Structures are given as structure tokens and as C-alpha cells.
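One line per chain: the protein sequences are A and B, in this order.
For what it's worth, our numbering labels the leading residue of the first sequence as 2, then goes sequentially.
For what it's worth, our numbering labels the leading residue of the second sequence as 12, then goes sequentially.
These are calculated hints, taken from the structure and not from any lab test.
Predicted model, so just to flag it, every value in this text is computed and none were measured.
Built from N, CA and C at the ideal position, the CB exists for glycine as well.
Errors might be hidden in some of the hints.
Said to hold, decoys possible - Here chain A is said to cover these stretches of chain B; the calculated rule only asks that three of the stretch's residues, wherever they fall, bring their Cβ under 8 Å from a Cβ of chain A:
# : stretch
1 : 65 to 75
2 : 108 to 118
3 : 159 to 167
4 : 190 to 197
Unchecked claim - The calculated lysine to aspartate or glutamate pairs, modelled on EDC-like cross-linking and capped at a C-alpha distance of 20 Å, are:
#  : chain 1 : residue 1 : chain 2 : residue 2
5  : A       : K292      : B       : E79
6  : A       : K483      : B       : E142
7  : B       : K66       : A       : D290
8  : A       : K292      : B       : E62
9  : B       : K20       : B       : E79
10 : A       : K292      : B       : E115
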Amino acid sequence: MSAVSYGIARGIRFQILSEEDLDRIHWGTLHILEKVGVQVDSPTCRKLLKENGCEIDEKARSARIPSHLVEEALSKKKSAITLAARDRSYDARLDLNHSYMCANGNGAVAVDFETGERRNSTKKDLVDSTRICDALPNVHIHWPMVSSTDMPASVVHLHDLEASLNNTGKHVMYETGVTLEDAKNLTAMGYAAAGGEKEYRRRPITSCLQCTYAPLQHDAGVMDASLEFARNGVPLVFFCMPQPGATGPASLVGSVVVGNAEVLSALVMTQLSSPGAAVIYGLGIAPLDMKTTVRAGGSPEHAICSAMGTEMAHYYGMPSCVGVSGTAKEPGIQAAIETYTGCVGPLLAGADLMCGIGLLEDSSCLYLEQVVIDDEIVGAIARLIRGEWADDETLALDVIEKVGIGKDYLAQKHTMQFLRTDHFMPSLIDRRSEDTWSTTGKKTMRDSAREKVKEILGKHEVKPLSDEVNKDLAAMIKKAEKPMWGGESRVE
Amino acid sequence: MEEIVTRLKNAVINYEMETIADLAKEVVDSGVDPLVAIEEGLAQGIKTVGEKFGKGEIFLPELVMGAEAMKAALAVLEPAVPSGKHRATLGKVLIGTVQDDIHEIGKNLVSTMLSSNGFEVVDLGVNVPSEDFVKKAAEIKPNILAMSALMTTTMPRMGEVIAPLKKEDPSVKTIVGGAPVTDVYAKEVGADGYSGDASGAVDSAKKLVG
Ligand code: B12
Chain A
2 MSAVSYGIAR
12 GIRFQILSEE
22 DLDRIHWGTL
32 HILEKVGVQV
42 DSPTCRKLLK
52 ENGCEIDEKA
62 RSARIPSHLV
72 EEALSKKKSA
82 ITLAARDRSY
92 DARLDLNHSY
102 MCANGNGAVA
112 VDFETGERRN
122 STKKDLVDST
132 RICDALPNVH
142 IHWPMVSSTD
152 MPASVVHLHD
162 LEASLNNTGK
172 HVMYETGVTL
182 EDAKNLTAMG
192 YAAAGGEKEY
202 RRRPITSCLQ
212 CTYAPLQHDA
222 GVMDASLEFA
232 RNGVPLVFFC
242 MPQPGATGPA
252 SLVGSVVVGN
262 AEVLSALVMT
272 QLSSPGAAVI
282 YGLGIAPLDM
292 KTTVRAGGSP
302 EHAICSAMGT
312 EMAHYYGMPS
322 CVGVSGTAKE
332 PGIQAAIETY
342 TGCVGPLLAG
352 ADLMCGIGLL
362 EDSSCLYLEQ
372 VVIDDEIVGA
382 IARLIRGEWA
392 DDETLALDVI
402 EKVGIGKDYL
412 AQKHTMQFLR
422 TDHFMPSLID
432 RRSEDTWSTT
442 GKKTMRDSAR
452 EKVKEILGKH
462 EVKPLSDEVN
472 KDLAAMIKKA
482 EKPMWGGESR
492 VE
Chain B
12 MEEIVTRLKN
22 AVINYEMETI
32 ADLAKEVVDS
42 GVDPLVAIEE
52 GLAQGIKTVG
62 EKFGKGEIFL
72 PELVMGAEAM
82 KAALAVLEPA
92 VPSGKHRATL
102 GKVLIGTVQD
112 DIHEIGKNLV
122 STMLSSNGFE
132 VVDLGVNVPS
142 EDFVKKAAEI
152 KPNILAMSAL
162 MTTTMPRMGE
172 VIAPLKKEDP
182 SVKTIVGGAP
192 VTDVYAKEVG
202 ADGYSGDASG
212 AVDSAKKLVG
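Chain B on its own, in the form it takes in the complex:
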């Protein structure tokens, strides 16, 4: 059993996107606890990949391929987790680019970095209407709501989401980012965290759930 979990971990580290699903099926068939496979295998694998990226040892496409491999395996393993049990994550993050804004690259990177660092991420995409953020948050109860805005004209949307969100559930933390967003601005709109890049986004998310 040890061995197959290690193979799963290595499959993430070696970005085996195409074949990892088969390996995950093998795990399920072999009777290994899927939760153990996820936590000891996948999560450890992506952690290694994330650390290498943070140290500048590998490139972004490698990080993304690692994350894709993890996703492919999760799709097989998660349904096999006995109901009532949940995989341990650092927390749930709801993320999106604000209304009227279609810049997605930064948001996608933050998503990838968060999920490769142990967060469960729900991504609403780009041009997300402000109400949708609030509605979805009420539905899935994330620990953190993360918003990206790349334009001065769309930055105010972040405040437009945070105000009603906090009214409804003051315990939800918010983080914001995007090129024109500054520390000062983040405070102005009432966000709990801000970062200028994706690794900082992870640090700030960890602080908020820690």
C-alpha cells in the first residue's frame, strides 16, 4: 500500500497528467483508503511541486501540469471517499475576476498556487457579477473569498462585493489583488488580505485561516 501511494505522489511530481487517472483507479481497486491516497500521495506530491516552483527550480507550466495531474487523480479518488468523510484541506477559497473585467491570467495563477498549497478552490471565472459572488458564498460557505481586478474601473467592484458579504457573514475572510490594486486600496474596500503576486496570495490566505 505504501508503495502505490508513493507512486501516486511521484506521478504528480513527474506531471503524469495522461496516466495518473489509471493509477488512481488502481489505488481504488487495491483497497487503499482514498483519503490516505489523497493526503499522503497527491497533497504531498503537489506540495513538493509548489515548493520547487517557489524556489525557482521549475517553471510555471510544470506547476500547472502538476496541478492538472492532481486534478485528474482527484476526479477518480474523491467519489471513492466514503460519505461523511472529507479530505483535509487548509480551507475553501471562492475566487473570481470581478464584474466587467476579463483579465484571467493572474486569477488563474492565484487559483493554481492556492490549490497546490492545500486549499480547495472554487473558481467562478471572469466577469463575475457582484451578486454572484455573494450568492455563491452563501451557498458554499468558503473560508476565503478571493477577487482579482485589473482595471481602475473595475476595482470598486471588490468593495461592492465585500460590503454585503460581510453583512451576511462576517466570518468570511477576503483577499484581493491585481495590477492596479495596492495595499492601501485593499484596506479601503475592507479586504482582509492583499498581495502583489501569487505566492503572496498563498501566504496571506494561510495567515487568514491559520
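Only chain A is shown next, with the shape it has when bound in the complex:
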């Protein structure tokens, strides 16, 4: 096992695509980029591509990207990326050998923990869920789980970042940098929290996930912001999300080609603008359920695509960030099946970063109970993928000899030692006898999850940012506030 202890150690891998499959997807993608190209809404980015030899159609706002530019971008990319954390023991090293889990983010709806009411999410929901994620052992990176919709609309995302930084010591990844101005503000807040630009560039404690726009498009605001983030030393994830059958071919591999073309073209623009920028390969491909028209998050197809996305990323020597979610409406059996299916496939395939667990209704609705249940599921999967090996200690020949025939191993030191490393210790799964269970109130897992949530919220403490930094952050948020219709003074 390796020396890095944070995150999930991976010893087992399964492979879905063969080397030949990977090559074919790669060549197919290059073909699409040269022949069809991508739509690039940002004039700045089109100019950049034109200067570097792409064929641009200004009317269609599209760019055809020659293969050599992709190869060049890949030669400049970074393979090992550390997502640093405010608390250093939480540094996540995406080194192609460890897996990290991230909760889902930016839901807009929450079910109130006290009243059970389903309503738009608030900053308090974000604070609570952030503290819970900080306390959970199998959530390694933090993505603000819900939006602070009770804050003025123009600065919701800045409140989200402030609340996150104050309530977890873990790395914070956001996905709300969709204009140049957002990028500037979010960067500045990251710099302030890290103790200045220099310190931030050495140890980036925030990062930004950016979505490409299926099929084969790049939003202007998102790409302009991305180039700004890259210049500022903020690590990026380019996350493609074609929906097989709707915004991508119904064949999963076909949708991987579309998504791959989107991620690679975003990588080209970023590396042309800021060579060596930290870019993570992101993919979250879930089909549109053709009966209900809901995106099938947490489906086996979602899992297989996230696994294939990881294989593509590793083929390019890039860390992957792949998706999981669920369509269940409340914590329970369906939610558990979806989280398990969605996580186990990609983690077995070696996903470096997975987002995200904990939100229901396909990345929309927060239930605090589900966050802790999903943490447990990931814990079990972590055990599944750790890997086994035969050495003197695990073979335990001396212990077997010592105990001999017909006796038990309970009183052996070896037993206690390996209990700690080889046995998953559940926190919610209830293995007590039926008798004990029924005489103590027949608690369901959801009941236990509620208790755990209460316990964490009651006890768990996170060291906030200093008063001085918080004053700076508050001033930045104030300055960024703009009149906008809805909850704020309307511009007439």
C-alpha cells in the first residue's frame, strides 16, 4: 500500500475498454474535432483558436480543431494534481492511484430536517451540510451541496463559497464560475482564504468544475471564466454531460466520443492560453430516461460511462472526475441502490474523484439523512476496492499453526491488528440480533441516519476562517452585489 493515507486506497481495478477500444475512441474523437468541430461562443476563445491554426466559421461560431493541437495540449497537461485543503491533513492528491469522493453540489431544493417541508435551499442548509461533510470519513472533497437561495441572487455563489470555507477544512470545489466576473470574485475569495495569492498558487484550496455544453458546444461565459481561472492558478475540471439518446448518441460509447471531444477541445483552449494549467478530465454521462424524461442518474449506464470516462482520462494521463447521482425522491432503498450502483462501477475502474453523493432527484434535492447513508455506502465500497495481497502477515501461517485445529482466533493479537485494517466497521448498518433490534425501537437505517445527523450537528466543530479574512470576504461579497430582479431591488 502507498504512503498516502487520505482518500481511498485502490488495489483492485476492472477494465471495461480494451487498449484498442480506447484508441478507437481517441481517433474517433480527433476525427470529429477536425471534421465537425465544436461551437465556441466566446469571441476571445475563437480568436485564440484561430491564431493557432483552427478553421473558424464566425457565422456558426464553430471551430475545427486539428489533431496536432490536441496532442500538444495533452503534452502540456498536468498528470498529478493536488487539491489542497485548508486543513493539510485533507490534501487530496489526484495521482492516478487514489480515489476521492465528493458530495454532490448546487442543489436548489432541500427537505427541512426539522419540519420535513420540501422548499428552496438556504444558506443554513449549506452550513449544516458542509459541517456534516466535514465530519464524514468518506467525503474527501467538498462541493457546496446546495445554493443559498435566500441570499441576494447576484451573490448566491459567493455566499456559498464563504459558508463552505468557514465550515469545512476540506478542499472546496465549486461549479458556479460562469462569467469572467464570477471567476475574478471566486478567485479573490480563494486567495483571501489561503492567505494570499502566492500561498494559494502553491496550495490551491479551491477549484472550479465547468460544464461543457452537449453536444459539442462551449458556453461563452463558462469558457471566458475558465481561461481566467487557469491564469489565476485555480484548478479546473471540464465536465461533459451528453445524455445518451438526447444530447448524445444512444450508444454509450458514442456519447463518450461526444463528451471526449468537448473535454479535449476545452483542454486545447486552456493549454493554449495557460500552458501547464491544472485540468481534470470530467465526465458525467447519464441517459435521459425515455419514459419519464428524467435524467437517469445512478443508473448502470451512468456508472459504466463514469468508468469509461475514467479509463479515457487515464489513457491521456489525466486524473478523472466522474459523476454519480440518484433519482430517488427520499432516502431509502431506491436511493441506496442508485448510490451503490453509481459508485461501485467507476470506483472499481479507478475513478480519481467522484461527485457526488447525497443529493436526490438527480442532483437537485438535499436530505441530510441521505448524505450520511451515502457515506456509509462509499465506506463499504472502499473496502471492496482496497485490494488483497498475500504476504507473511496476511497469510498468517504462524498464527494458523499456533491456533491449530478446532480452536478459535478470538484471543490472538493478529486478530485485533487485522480487525482494524481488514474489516469494514459500519456506522449505520445494523447487525444486531432481531431480539435486540426489536426491543430497542426497531430503528430503520433512516432513523439511525437522523441520529447521526443530529449528533454531528450538535458536536462537530470546524475551525472557521480568521475574523480578518471573514471581514475581507464579507466586503468582497458586498461589492459584488448587483441589483437584479427577484429578492433584490429591481433595475428600472
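Once you have looked at the hints, place chain B with the ligand on chain A.
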């Protein structure tokens, strides 16, 4: 004549996207009233397809192919309708995804469902500037303005459209939707209807014109 109208209806039910335009030409040449062909043929066909989809008997691509077939035939039949006459629809809907928001799948589905249920739909696409909604509404006088917003940052745009729209013409009804939009929020921005999915969008649109 009966027969050819029935064939038109069946062409929609069987998703004959490639050949239905030829059939529509045949209808025009045969002297059948294009309005009858539209109402008894196309509209009945798409209604059947829509109902099957609502009952979960067919899949979304089939619904969309049915709608495409209808569109292809309409392109031939509508110009042949004598001027002054109009096909009967449940009403005109102007739809789009709000400014700064590019999520289109939900909006497209709502569009498809509305048109397959008898509404005439004018789709402005995604990232539609708020003024454009208002301008276009003044121009085409829809019965209903429908907006989709998928982000908390773009939801307020719905209010930004509804306020001036209602000032100009209080009779226009509005419906809104998209993942972060809730019933409560819809009321807050002054919308007349809300739904969490595309079939609900049809119900709520029908209620508003009914
Ligand atoms: C697919 C997707 C994308 C795709 C969209 C592709 C496309 N061509 O449309 C891509 C990858 C481009 C994308 C981009 C972004 N996305 Co996005 N996306 C999604 C996702 C996963 C699914 C949306 C979807 O298509 N669902 C399937 C359709 C069928 O459902 P629907 O849209 O909800 O529509 C149904 C109902 O809502 C209703 N309905 C919809 N419209 C209307 C209208 C009326 C009138 C009525 C009555 C009903 C109605 O009926 C529909 C059919 O049943 C959602 C999460 C989610 N589950 O909603 C995030 C989500 C909406 N995205 C989000 C974000 C943040 C972004 C980005 C900013 C990310 C980034 N940093 O780049 C960008 C946006 C850029 C921009 N300027 O708009 C967030 C919003 C967060 C928030 N709190 O605001 C979400 C919620 C994900 C999350 N939890 O983080 N996204």
C-alpha cells in the same frame, strides 16, 4: 377522401418522417380541404401518439418522431390553407429558456408535449434575453408565455419577464418550470401556472386556456 386523411393520421402514428411530406402533397393535389387534413389527420394522429406516451406505452424518441412527422406534413399543408382560415388549436404558446441559461432539454420536451397536445408553439430557444420575450409576445400575441429556468441564478429572470409582460397585456398567461423552480417560487414571480414535468405543463396550459 376519408381514406387519404386516415392515411395521414396513420403516417403520424407510424412516425413516417421521411415520406409523410409526399403524402401531404398527394392530399393537396387530391383537393381535400387542407384544414380537414390537418385537424382530422395530423392532429388526431399526434393526439394518439401523445396519449400512448402519457400512458407509458411508447418512448420519448417515438413521441418526438411523431411530432417531427406532423411538422413535416404541416409545412406542406399550412401554405395550402385558404387565407383567412386558420387551423383550430388549443392556443398559441411562446416558449424559451431564460437569459443566461442554456439548459434546453426540458424546454424542448415541454414544447414537444404542448404541440403534440394541440397547441401551436413558438420556440425562442435558449438564453433568451428578457426583453425579447416581451417584444415577441407583443408581436405574436400568444395565449401563454412559457419559460424554463434550470439555475438559481437565472430563475429571477422569469420575474423580470412577467412583470413588464403583465403590464403591457394582463391577459397573457404565464407558466414556468425547470428543476429548481417550485410551486411557491412560481407564485412569487407572479406566474399563473407551474409544473414539475412536461405532461403537467400540458395540463396546466390547458387549464389556463380552458
Ligand atoms: C444536463 C445538465 C446540463 C447540460 C445541459 C445540456 C442541454 N443541452 O440542455 C450542460 C452540461 C450544458 C449544463 C451546463 C450547466 N449546468 Co447544468 N445541469 C444539467 C442537469 C444534470 C440535468 C438537466 C436536464 O436536462 N434534465 C432533464 C430535463 C428533461 O429535465 P428538466 O430540465 O428539469 O425539465 C423538466 C421539468 O423541470 C419541467 N420543465 C422544464 N422547463 C419547463 C418549463 C415550463 C413552462 C414547465 C411548465 C415545465 C418545465 O419539464 C421538463 C420535462 O419533464 C441538471 C440537474 C438536474 N437534474 O436538473 C444540471 C443543473 C441544472 N446544472 C447546473 C449548473 C450549475 C450548470 C452550469 C452553470 C455548470 C458550469 N459551471 O458550467 C452550466 C450552465 C451554463 C449556463 N449558462 O446555463 C446546476 C444548477 C445549480 C443551481 N443551484 O442553480 C444543476 C441543478 C446541477 C447541480 N446540482 O449542480 N447542465
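### Message
Against the 20 Å threshold, does the CA-CA distance of K292/A and E79/B hold or violate the hint?
### Response
This hinted pair holds, its Cα atoms lying about 18 Å apart.
### Message
How does the stretch 108 to 118 of chain B fare against chain A when you require at least three residues with a CB closer than 8 Å, holds or violated?
### Response
holds (count 4)
### Coverage of the stretch 159 to 167 of chain B by chain A (three or more Cβ within 8 Å)
Three-residue rule met by the stretch 159 to 167 of chain B, so holds; n is 5.
### Message
Quick check: do three or more residues in the stretch 65 to 75 of chain B have a beta carbon closer than 8 Å to a beta carbon of chain A?
### Response
holds (count 4)
#### Entry: Holds or violated: K20/B to E79/B, with C-alpha atoms at most 20 Å apart
13 Å, holds
### Message
Under 8 Å between beta-carbons, do enough residues of the stretch 190 to 197 of chain B, three at least, approach chain A for the coverage claim to hold?
### Response
holds (count 5)
### Query
Is K292/A within 20 Å of E62/B, Cα to Cα?
13 Å, holds
### Message
With the threshold set at 20 Å, check whether the alpha-carbon distance from K292/A to E115/B stays at or below it.
### Response
Given that 20 Å is the threshold and the Cα spacing comes to 18 Å, the pair holds.
### Task
For the pair we were handed, K483/A and E142/B, check the Cα-Cα distance against 20 Å.
Between K483/A and E142/B the Cα gap is close to 19 Å, so the pair holds against 20 Å.
### Task
Starting from K66/B, check that the Cα of D290/A is at most 20 Å away, please.
Holds. K66/B to D290/A sits at ~15 Å (cutoff 20 Å).
Violated hints are absent here; each numbered hint is respected by the structure.
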